[in-house]
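*Asks:* Quick mapping for you: the protein sequence lines, in order, are chains H, D, B and E. Numbering of the first sequence is given in numbering that gives the first Met the number 0, commencing with residue 0 and proceeding in unit increments. Numbering of the second sequence is given in numbering that gives the first Met the number 0, commencing with residue 0 and proceeding in unit increments. Numbering of the third sequence is given in numbering that gives the first Met the number 0, commencing with residue 0 and proceeding in unit increments. Numbering of the fourth sequence is given in numbering that gives the first Met the number 0, commencing with residue 0 and proceeding in unit increments.
If you're looking for bench data, these hints aren't it; they were derived computationally from the structure. Check before you lean on any hint, since a few could be wrong.
Stretches of chain H that chain D covers, calculated by requiring three or more beta carbons in the stretch to come under 8 Å of a beta carbon on chain D [stated by the list, open to error]:
(1) 15-27
(2) 72-79
(3) 98-110
Backbone N, C-alpha and C fix where the C-beta goes; we use that ideal spot for every residue, glycine too.
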Amino acid sequence: MPHLSHEPLDLGQLVASVTRADRGGIATFLGLVRDHHGGRAVAALEYSAYEPMAEAESARIVAEAEARWPCEVVLVHRLGALRIGDAAVAVVAASAHRDAAFLACRYVIEEVKARVPIWKRETYADGTVDWVDPTRAVAPPPLQGA
Amino acid sequence: MPHLSHEPLDLGQLVASVTRADRGGIATFLGLVRDHHGGRAVAALEYSAYEPMAEAESARIVAEAEARWPCEVVLVHRLGALRIGDAAVAVVAASAHRDAAFLACRYVIEEVKARVPIWKRETYADGTVDWVDPTRAVAPPPLQGA
Amino acid sequence: MTPPTGGTIPVRILLFARYAELLGRDHLDVALAVPASVADAVAHVRALPGGEVLPARPLCAVNHAHAPLEAVLHAGDELALLPPLAGG
Amino acid sequence: MTPPTGGTIPVRILLFARYAELLGRDHLDVALAVPASVADAVAHVRALPGGEVLPARPLCAVNHAHAPLEAVLHAGDELALLPPLAGG
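Build out the structure end to end from the sequences listed, making use of the hints.
*Replies:* Here it is as structure tokens:
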């Protein structure tokens with residue numbers, strides 16, 4: 000299964016793809032597009048990737064998790080224009096043991112954020128545009144009514 | 000939302016119920032009915048509960064998680080006759096922060112297993128019937144081809 | 000504690016799952032001498048015909064909340080004897 | 000290490016997101032004197048007109064895998080300069 004998708008993510012379908020009669024626990028994580036970033040109202044945003052590397056790095060992360068815990072992992076990151084509330088990333092980890100499922104799921108999302116070459120370009124309500132840089136300190140949101 | 004259901008659990012609907020534009024992370028856990036238990040092939044099974052207490056204890060667990068982490072939690076446990084692969088329990092934790100979502104989700108499923116009065120009666124392929132007792136040591140599965 | 004003189008309280012005792020199966024009933028209404036603890040009620044059930052199959056220290060709940068064996072029962076309380084939980 | 004005599008290797012350098020925007024291009028093909036490290040290639044790009052806006056130590060990948068600045072480049076390698084990642 001490719002790890003990048005230009006179509007909306009379907010959690011139910013991803014869960015079904017790893018459901019097996021000997022797997023008792025499925026942990027999932029969905030990362031959703033939020034309506035604010037650094038105190039600015041987000042109007043639109045677009046994810047882009049260095050696609051061949053993003054596929055390869057995602058496959059490495061999944062393989063690492065599956066080698067470390069007895070589980071099967073599905074990871075899909077969405078690319079292109081997304082709307083507020085859309086799922087940007089889905090991780091599903093299925094295992095006979097819920098501990099393995101939780102640990103694998105958490106591992107994968109943390110590694111995705113640290114390693115997979117994907118970028119986010121946000122357009123704000125005031126018309127400005129910016130590349131999101133998680134390494135920069137984010138300005139606190141303006142005080143309400145201040 | 001009631002915490003007990005006699006109908007199949009719909010993860011997508013539960014996730015949608017806590018999706019909000021200021022929530023960036025949703026962690027979920029699904030507990031599925033497995034086809035084996037203690038080395039015996041499971042043919043059918045049924046969950047029952049001390050329903051008013053199961054509702055009350057579930058509500059307490061959810062409230063504890065929401066007090067401890069900034070999140071909204073949905074917890075539903077299914078009752079009645081289930082089939083192999085059916086979801087027996089679903090936990091969904093939504094938060095602005097994925098750490099809170101993961102921790103709340105994990106807390107809730109662990110507390111459900113320890114505290115909510117629900118019982119499982121399994122019918123095995125050989126026709127025997129037993130109440131599942133997680134406090135008993137489970138016999139290892141028979142060796143394949145031994 | 001000063002033992003009270005003579006009174007009893009009505010308590011409903013609920014049995015579930017394996018316990019209900021073992022005793023062939025899912026509830027019983029009892030009158031317990033005050034002061035009555037959860038442990039007293041458990042001892043009462045275990046003294047019934049067939050009741051000795053129950054553990055001496057089962058998981059218990061009073062009025063829909065987990066309760067220790069030392070908890071004091073009051074008139075009208077609903078006491079539940081809970082077999083090992085298997086939800087989740 | 001004995002410096003080689005005279006040779007160069009072709010390397011394709013890819014730029015993404017903010018870096019592509021800053022330099023107005025998404026790739027360039029360069030010939031680097033051997034031995035060439037990732038750091039050498041980064042220095043090459045930063046010496047181009049406008050290239051000084053790139054950080055001196057950007058996140059880099061060679062042939063679709065993360066690579067340290069000290070990694071040695073080979074003929075035909077694809078080097079990517081990666082702005083801070085924002086997936087997930």
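*Asks:* If a hint holds in the structure, say so; if it does not, say that too.
*Replies:* Verification of the supplied hints:
Look at the stretch 15-27 of chain H against chain D: 10 of its residues bring a Cβ nearer than 8 Å to a Cβ of that chain, three or more, so the hint holds. Against chain D, the stretch 72-79 of chain H contributes 0 residues with a C-beta closer than 8 Å to a partner C-beta. That does not satisfy the three-residue criterion, and the hint is violated. Given as covered by chain D, the stretch 98-110 of chain H passes the check, having 5 residues with a CB less than 8 Å from a CB of that chain where 3 are the minimum.
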